[in-house]
Amino acid sequence: MTAGTSPTTGTAFDLLAPLPSGTTVLEASAGTGKTYAIVGLAARFVAEAGVDLAQLLLVTFSRAATKELRERTRERFASAAAGLVDPLAARASGDPLVAHLADADSGEVALRRRRLMQALSDFDAGTIVTTHSFCQRMLDGLGIAGERDPDAVLVEQADDLTAEVIADLFLQRFGRSDSPTLRPADARSAARAAIFDPQATLAPEGAEGSRAGDAVAFATAVREEARRRKRLAGIRDFDDLPELLHGVLTDPEHGEAACRRVRDRYRVVLVDEFQDTDPQQWGILRSAFHGHSTLVLVGDPKQAIYAFRGAEVLSYLDAVGSADSHQDLTTNWRSDAELVAALGHLHGGAALGHSGIVVHSVSAAKPGSRLHGAPPLRLRYLCRAGAGRLNNSGYPAVGALRSRVAADVAADIVALLDSGITLDLNGGSRPVAPGDIAVLAGTNAQITLVREALDRVGVPSVLAGGTSVFETPSAQHWLRVLQALEQPHRPDRVRLAALTPLLGWTAEQIDARSDELVARVGGQLRELTAVFAQSGFAALFERLATDSGLEARLLAVTAGERTLTDLRHIGQLLGAVAVDQSLGLTALTGWLTERIKDPKSGGGDRSRRLDSDAAAVQIATVHASKGLEYPIVYVPFGWSTGRHADPDRLLLHDDDGRRILDIGGEGSPGYAERRRRRDAEAAGEDLRLLYVALTRAQCQLVLWWAPAYSTNEAPLHRMLFGREPGESDVPQKVGVPEDPVVAQHLLRWAETSPATIRVEAVGADPIPEVSWAPPHEDSGELAAAVFDRALDVGWRRTSYTALTASAHEHSGSGSEAEEPGTDDEPEEPALIAPVPAPGIPSTMNDMPYGAVFGTLVHEILEYVDTAAADLEAELLLRCREAVAARMSQVDPSALAAALLPVLHTPLAGGGTLAAIMPADRLPELDFELPLAGGDDPAAVTVTLHRVARLLREHLPGDDVLSPYADRLAALDPNPLRGYLTGSIDAVLRVSGPRFVVVDYKTNRIAPGELTTADFTREAMAGEMMRSHYPLQALLYAVALHRYLRWRLPGYNPETHLGGVQYLFVRGMVGPETPDGAGVFDWNPPAALVIALSDLLAGITDREVDA
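Read in order, the letters of the sequence shown correspond to residues 23 to 1128 in the working numbering.
Note that these hints are calculated values from the structure, not bench results.
Hints are not guaranteed to be accurate.
Below 20 Å or equal to it, Euclidean Cα-Cα: the simulated EDC-like pairs (lysine to aspartate or glutamate) are [as the list claims (entries may be wrong)]:
1. K388 with D346
2. K619 with D668
3. K619 with E186
4. K619 with E493
5. K755 with E791
6. K252 with E265
7. K252 with D182
8. K89 with E178
9. K388 with D36
10. K89 with D146
11. K89 with D144
12. K619 with D208
13. K619 with D670
14. K755 with E703
15. K388 with D117
16. K89 with E651
17. K619 with D181
18. K755 with E735
19. K252 with D144
20. K755 with D814
21. K755 with E803
Okay, the calculated beta carbon distance ranges per label pair [unchecked claim]:
22. S557 with P1071: 53 to 63 Å
23. A941 with W355: 38 to 48 Å
24. D190 with S557: 57 to 67 Å
25. V601 with N1074: 25 to 35 Å
26. P940 with P40: 37 to 47 Å
27. W355 with P206: 21 to 31 Å
28. A126 with R1067: 23 to 33 Å
Treat the numbers as computed from the prediction; the structure is a model and nothing was measured.
Think of the CB as a built atom: it goes at the ideal place given N, C-alpha and C, for glycine as much as any other residue.
All chains should be modelled from the sequences, with the hints used to inform the complete structure.
Below, the structure written as structure tokens:
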């Protein structure tokens, strides 16, 4: 590890202290609220320092964490902004951040609140992303300098390409050899390991000519060939993104310029889960931001448990050495004070694999214990007797010992549930329930043991993620059925398929009915094969499930819900891949076979799904539990390492801190030393895994210790027997004492604890057979529900189109479609005589008319980028995309030629659509306004007749649309209750600023060839009233009024409302368009807009019969 200048250490982090500058490492401990700290800093940087949200970068290391960080940041901004509404009350707020932000003069507090509100308004434009997403954005932003390939496709994994490369290179190198140094399986394993860990240096180095050297050479060649083929195929996977960006930023010639472009975009960078970074990711952050921007790195090195994924805790330690400041989060907000004290006795002060990774003491925010009647920490220990015959080493077989521990876990959970012990959570006291308990294990095999033990005693349990569904027995069941479907004439395959839960036959039935049953099941399989050929895999599965009674059978047996969930999950994955890759039964069988061999492949949906939402004991691996918390945590296997290390694959670091992947296997040069280093590093990670498991508990932790041959290397054993409380060094191995010494040591250790720790001997007797049944709840007498609510049949979700439906020949609808097209334009032109006066011919005379064509034009004008250097080419591109998307018969080139003059036609008040930049145009402003109270109807009756009365009151007699009031009054006077929905084509910001509603119309307002003379102000006014567009315009003006009232500081309707402009595009022929032609502008009085807004909201000073 290379260290920089020594940072300031020993400083407790204070969220309300002066904002950090330079590079700060903020070291957390489990439960100390690092996400709270990050979002609090983000809020302060925005509110206090005036950092624009677009200049703030928040990075974390998984999609789930990114989603949580985004939600928490938005909530923090919103709560802080809400708290600052009243500065005087805010200064006395119980929220320390709000009180801090309010500690300024009223003008500054108002400014801080406006900044937070603006950040909320622009929140979707903020950069809160995963590391890989950040890399992709930066590469795209750097353009050619970022090696941007606009045609490249990003995939999660390139497994198929990798497999192809491995097969091709193996044949090329070893296909002609009679005695190849590498077997296909060995070559495949070495190459896949090298591909999975692209940053690792392969070892042994300098072993050319040996088997180990051939393995290294082959894996290196596969790496290079895979990169080459991905480039040729236009494919990038997630591992490529950091590699590409790191290469760009560290390029000797252009790297500094690229770094400047990246750092110019962000003033403040906050990175969460930094202990999970790797050298490339730290190199990116260091090159771009360290020494230039405010960089806050938040992490907990004690939870660095992802070395197998490429994470490097050494990168975190290097950042600590390079940082300007090093601060600690020192308050535990998760665990009770008594449990914090007990954990401090267990692992306080211990170095977890590195002298720079130490368990520091933390204070507890929650006093006492929320669990009444039980100690915060219990340690149950087993003796050598009771688990069967001892082996030659003097220990029980580890498999029998694990089974005994699992049985004891189940019995102990039953005892806890039956004990009446109460838990105070969420403001109330209640007995402990299964959903309050979590069991954390190191491996999937251990999870299976616990799950089966809980099933036997009747305690519901659920797997909490992390396991691949391809590792389950259900995957094997599906494979047997697929193999039988592929060859239903083979009795052996038919029998194996019949025995699966999918078909449901028993061994006794097969033995009794023999050939007759085989023939019957074979016939069923042939029918299913025909269903697959005709209707696909989904139909096959549903037919199979129906014929075999799958759901009823499985839900009637213990743990059947789990099996059913896994079978359905795999069935859905098979159905998806069959469709996506057009696979037949043979190929589908091969696909599943490969996934079972490599369960971690198969995409992001391979993780097992929860089989129940009911209150149940949570069972998870320690890795899957990271970031979670549970009231009561059981850790049964801390006495076992949980590692099944492959001796032919060693992951370690050399003296220079390089990541080394040894794929040479035992006997290769330098293997012994690399094995020693690997074991030492793995021992350190075991301690960190134990730390993660121990710190998930909120109220109680229950541990097990057992004597096995490998216990001497187990993390809990080393922590208990290898050090005195408070000591730093934790030995890599500690001998296992005899049973009496174990008991004495553990009791003495517990007695010296500042908190209560209860040590419990399991003994040599068989684990008692117990069972649990949930407490009976008296539900009272059952009765059929009676529907006695009066339905308001007048309440509806409506729109302008539905309101005016009675005036048109086509029928209206009381409820809007989910994605309506443009349905406010007549299918037929107005039946008026052509204007004899000459005019400029319309550029759209050869275009169709009607709602379908109107929708096409709307879509093009919505997406066209008026800031494009070549507007004509941009318009043609949008026309081609829209025509292709809607499968229109319109010639895109002709349509672009017809629309280009529209963009250059003068608007009312000056300017053109082409001159309005995207920043001043808000396209498709969707709105949904409550009518007469919305969900809570007001007493006021709102009708279109009342709207007509408002028009008569506010429109002067010489207004060109004043006659419309009489036309509106002729519509049905139905009461309006519910919601009014719609979408404004565009809102333009013009000088002032004033905000103008724009609506595009493709109406043919006269038959025959159209000219600009057909689109005089009087003609357009007539078409407006004929189609009830004034009502639409007023509704849009109300929507804009409410939008600006919420979003625009200092909003004044008289000043900021700029009226409406209806653009009849067939009358817009370019700069030479006569004044007033094609563009109908109308400026309804602001008082009318306000009055209509109040009426629709159910606010009125007087009731008038409509």
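To see whether the hints hold, each was checked on the structure:
A threshold of 20 Å between alpha carbons decides the hint, and for K388 with D346 the separation of about 32 Å lies outside it, so the pair is violated. At roughly 16 Å between alpha-carbon atoms, K619 and D668 fall within 20 Å of each other, so this suggested pair holds. Taking the CA atoms of K619 and E186, the gap is near 16 Å; set against the 20 Å cutoff, the hint holds. Taking the CA atoms of K619 and E493, the gap is near 9 Å; set against the 20 Å cutoff, the hint holds.
Restraint check for K755 and E791: not satisfied, since their Cα atoms lie roughly 36 Å apart, outside the 20 Å limit. The suggested pairing of K252 with E265 holds, with an alpha-carbon distance near 14 Å, which does not exceed 20 Å. With a C-alpha separation of about 11 Å, the suggested pairing of K252 with D182 holds against the 20 Å cut-off. A hinted pair counts as satisfied when its Cα atoms are at most 20 Å apart, and K89 with E178 qualifies at roughly 18 Å.
Restraint check for K388 and D36: the C-alpha separation of about 19 Å stays at or below 20 Å, so the hint holds. For the given pair, K89 sits about 12 Å from D146 by alpha-carbon distance, which is consistent with the 20 Å threshold. Proposed proximity of K89 and D144 is supported: the alpha carbons are some 17 Å apart, at most 20 Å. With a C-alpha separation of about 14 Å, the suggested pairing of K619 with D208 holds against the 20 Å cut-off.
With a C-alpha separation of about 18 Å, the suggested pairing of K619 with D670 holds against the 20 Å cut-off. Restraint check for K755 and E703: satisfied, since their Cα atoms lie roughly 13 Å apart, inside the 20 Å limit. Straight-line distance between C-alpha atoms of K388 and D117 comes to about 17 Å, which keeps the hinted pair within the 20 Å bound. With a C-alpha separation of about 18 Å, the suggested pairing of K89 with E651 holds against the 20 Å cut-off.
Restraint check for K619 and D181: satisfied, since their Cα atoms lie roughly 13 Å apart, inside the 20 Å limit. Of the pairs offered as hints, the one joining K755 and E735 holds, with about 5 Å between alpha carbons and a cut-off of 20 Å not exceeded. About 37 Å separates the Cα atoms of K252 and D144, which puts this hinted pair outside 20 Å; it is violated. For the proposed pair K755 and D814, the alpha carbon gap of about 75 Å is over 20 Å, so the pair is violated.
The straight-line distance between the Cα atoms of K755 and E803 is roughly 63 Å, outside the 20 Å bound, and the hint therefore fails. Checked against the hint of 53 to 63 Å, the pair S557 and P1071 passes, with Cβ atoms roughly 60 Å apart. The hinted range of 38 to 48 Å is satisfied by A941 and W355, whose Cβ atoms lie roughly 43 Å apart. For the pair D190 and S557, the beta carbons lie near 37 Å from each other, so the given range of 57 to 67 Å is not met.
Our hint of 25 to 35 Å for V601 and N1074 is violated, since their Cβ atoms are close to 57 Å apart. As the Cβ distance of P940 to P40 is approximately 39 Å, the hint placing it in 37 to 47 Å holds. At about 53 Å, the beta-carbon gap between W355 and P206 misses the expected band of 21 to 31 Å. About 27 Å separates the C-beta atoms of A126 and R1067, a value consistent with the hinted range of 23 to 33 Å.
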